[in-house]
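**Student:** Based on the sequences and whatever the hints tell you, model everything.
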Amino acid sequence: MEDPGKRFRILTCIDGSEESYRGLRYAARLGSGVDADVTLLYVRAFDSALGTGGLDPRLIRENLLDWDLDLPGIRALKAGRDILLEVGLMDEAWISRLYHSETQGDPLGDNAIEYISDTETMITLRLKVASDIVNGILEECEDGDYTLVILGASERWQPGQRKTFWDPAVAEKIVARAPASVIVARELEQNHGHLICTNGSEASISMARKDAILASRCACPISLLSVAPDEASSDKAQDALERTRNAIEELGVPVMEAFIRVGDLVTEIIEAGAVYSVIVVAHSPKAGLRRLFETDTAFQIVENARNSVMVIK
Amino acid sequence: MFIFPEHSRIPLSISSTASNVRRVASKVIKTTRPLQPVWRRRWFLIAMLTGAGMLLLPPPGALGFHGWAVLTMVVVAVILFVTEPIPLPAVALLIVAGQVILLNLDSSAVAQSLMNDSVLFIMGSLMIAVALVKQKLDKRIAFLIVRLTGTKTFNVCLGISLLSGVLASFIGEHTVAAMMLPVALTLIRLTSDDPKQVRALAAVILFSICYGAAIGSIATPSGGARNAIMIGYWKSFFYDPNNPETARYLIDYVKWMLYGYPLFLVQVPFVTLLLFMTFRPGQKHITRAVAKLRNQVEEEGPLRPSDYLTIAIFAAILLAWILASDKIGLGTVALLGAAAFLVAGLVRWEEISSGVNWGVVLLYAAMISLGVQMVETGAALWVARTFLGMLTSLDVNHGASLYAVLIALTTLVTNTMSTAAAIAVLGPIMLKLAGVVNESPLIIGFLTALASSFAYLTVVSAPACTIVYGSGYLRTTDFLAAGWKMVVLSSLVCIGAAVFYWPLLQ
Chain C
0 MEDPGKRFRI LTCIDGSEES YRGLRYAARL GSGVDADVTL LYVRAFDSAL
50 GTGGLDPRLI RENLLDWDLD LPGIRALKAG RDILLEVGLM DEAWISRLYH
100 SETQGDPLGD NAIEYISDTE TMITLRLKVA SDIVNGILEE CEDGDYTLVI
150 LGASERWQPG QRKTFWDPAV AEKIVARAPA SVIVARELEQ NHGHLICTNG
200 SEASISMARK DAILASRCAC PISLLSVAPD EASSDKAQDA LERTRNAIEE
250 LGVPVMEAFI RVGDLVTEII EAGAVYSVIV VAHSPKAGLR RLFETDTAFQ
300 IVENARNSVM VIK
Chain V
0 MFIFPEHSRI PLSISSTASN VRRVASKVIK TTRPLQPVWR RRWFLIAMLT
50 GAGMLLLPPP GALGFHGWAV LTMVVVAVIL FVTEPIPLPA VALLIVAGQV
100 ILLNLDSSAV AQSLMNDSVL FIMGSLMIAV ALVKQKLDKR IAFLIVRLTG
150 TKTFNVCLGI SLLSGVLASF IGEHTVAAMM LPVALTLIRL TSDDPKQVRA
200 LAAVILFSIC YGAAIGSIAT PSGGARNAIM IGYWKSFFYD PNNPETARYL
250 IDYVKWMLYG YPLFLVQVPF VTLLLFMTFR PGQKHITRAV AKLRNQVEEE
300 GPLRPSDYLT IAIFAAILLA WILASDKIGL GTVALLGAAA FLVAGLVRWE
350 EISSGVNWGV VLLYAAMISL GVQMVETGAA LWVARTFLGM LTSLDVNHGA
400 SLYAVLIALT TLVTNTMSTA AAIAVLGPIM LKLAGVVNES PLIIGFLTAL
450 ASSFAYLTVV SAPACTIVYG SGYLRTTDFL AAGWKMVVLS SLVCIGAAVF
500 YWPLLQ
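For the protein sequence lines, the chains are C and V, in the order given. Each residue of the first sequence is one higher than the last, beginning at 0 in numbering that gives the first Met the number 0. Each residue of the second sequence is one higher than the last, beginning at 0 in numbering that gives the first Met the number 0.
Please note: incorrect hints may appear among the correct ones.
Here are the simulated DSS-like pairs of lysine-lysine, each with C-alpha atoms no more than 27 Å apart in a straight line [claimed, not checked]:
(1) V:Lys-138 <-> V:Lys-291
(2) V:Lys-195 <-> C:Lys-77
(3) V:Lys-291 <-> C:Lys-77
No lab work stands behind these hints, which were simulated from the structure alone.
**Tutor:** Pasting the structure below:
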């Protein structure tokens, strides 16, 4: 995000839900510059012949195509493309290119259509097959070198019934493993600004600077929050706020407000953040066995917040 | 084959140059986690470690090492079925190798145990399924439904359930789901293009297919592989050619229909009722969609000679199943039927070969072979006795309460893995249990086979559920919302039949 020569690439995961389209509208706002590319991704699972009792799924797909019924996901992606046309991020004069590749024996495989403007801005609709949704999104993240991933916190991104007992939610896995910042979109409304949560650490300030650049792309107002565990720690929190504010303002991005709350970190952030478009937190990965016993603060906020959360990496 | 450009508002300039086609094989996937391939196979490692751990333990009670080894293979196979860390046909290969290595069996004997009439039936019916789907009779079926049911949504769904059930009772639920899905999706899309407006309608129509097919699949032996597997088990475990009394364990097509068909017919109206109570679709009539569908279907014109030939071959297969399957076997009839489609030139071998996933046939064959080993090594009897000990302590070791527990157990297993694989594993245990508790093996066998069709709760448990879920209109939670009611309904009908109806047939 800080490399000025790098294109700003947004991956928006679409599942046909209203939540995912809200995320897309937000992506359209962030990606309105000429240096931005937006990819709409729909992941479907590999067709499994065992699931269909030994009848090859190709047969079923071909039968549907005979009735002019397209693959699941196509309609969702088309609806996403229509939204981008409606908000003016792309127009009908753009040229398009079609890609198809057979993937791991699935003949319908990966399909994509790229729309390219005369300024080389690219919008891609991608229908991807993968062993599961998480792997599909992560593979796309790695292949596409994205700056930001937007993922709706909708039902389809939850794990399947069968794996519920031992699989964490898809959003949590993407947050943990994607090599890019992630927005988990929930009731994502524009124009309410970003609430950046800081504790004054180097990582936290670096995260704040990254988000400041991002927020400036959509002219979103920035607010700063630091949470003190008790009244005695208020001075430390105030210091964290000041240092973060200075770091952001050095970039020429104004800070609209900065405030402290006292109490439990996760609870205070969720309560204070409820009125903003996005709560912004830093990713603080835990390695090895610590992952089993300690829950990342960012995960707790992603899991419990009532609105959208961005985890900056 | 691909689809984005249609209805596109954007003009396309599609180039076919090689540079435009990316091949995944040449793509370099950057892996940020070097242990990711191992992590993805973690359940395989866990299954293998579990198996190794079990084999290191001494066999419990009177069970010999071979019986313990078979149980170990079952546990490992179930872990692999549920978690799917490796392709499922690979599980079949491991089962075959495991029988030779762990049970010290001759590899030719294991190879022979992989092929019996049940496996021939599975192969043959899959080939017939491909041939039928290729004939595009779905439009004729759609025409029949809308002609019979009119435009009232309830009646359309009742018609879909009934027809799906009747068809599934003869040709298996996967074939029916494959043929009916386009009909259902066309009705839904012709009602509204907005998925939100037709969500409830889509749910009742799509569930009418998969639940209709599920309740129909119990009605005849050809309704599902599990039925043929159970018939094979009865014959293997109880029939003695030297003892005429055991001839009652040879269940032919008509006898099965006497047991199963009334249960299907009783459930049909309740399925529609339950679905409407669960999803409450706003559209009471779908007049516009039915009219459009009728126009669309009428464009097909009258039946062609190939359609008549298809119907004639299919009728001949049904007749042969009813009249001759007790002499030449269900599997032989199915193979003859598939051959008839090929001889008549209605389908090419290449189409059949690519339409059937042969790995699935191998998997079923391996599971049936393992089921036979469960009986021969005494593993099934040991599990049955252990299970009975638990049931006795709960005072549910006879009658309706026993039936309820067996149904619950089978339903639980069948909702977590393939139904045919479930019956292959559970069948021998349940049949041995029948002997231990002095219940009729026929009643216990029917209960197990029928309850294995109660795969209403999850997307993955039954082929028809998986196929309709692929439409993208249903949520996984929808299966739970409607499925538990279906489980209750089917369980009550089954228990009622086991207590009051089936004893009259014996």
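**Student:** Which hints, by number, does the structure contradict?
**Tutor:** No numbers; nothing is violated.
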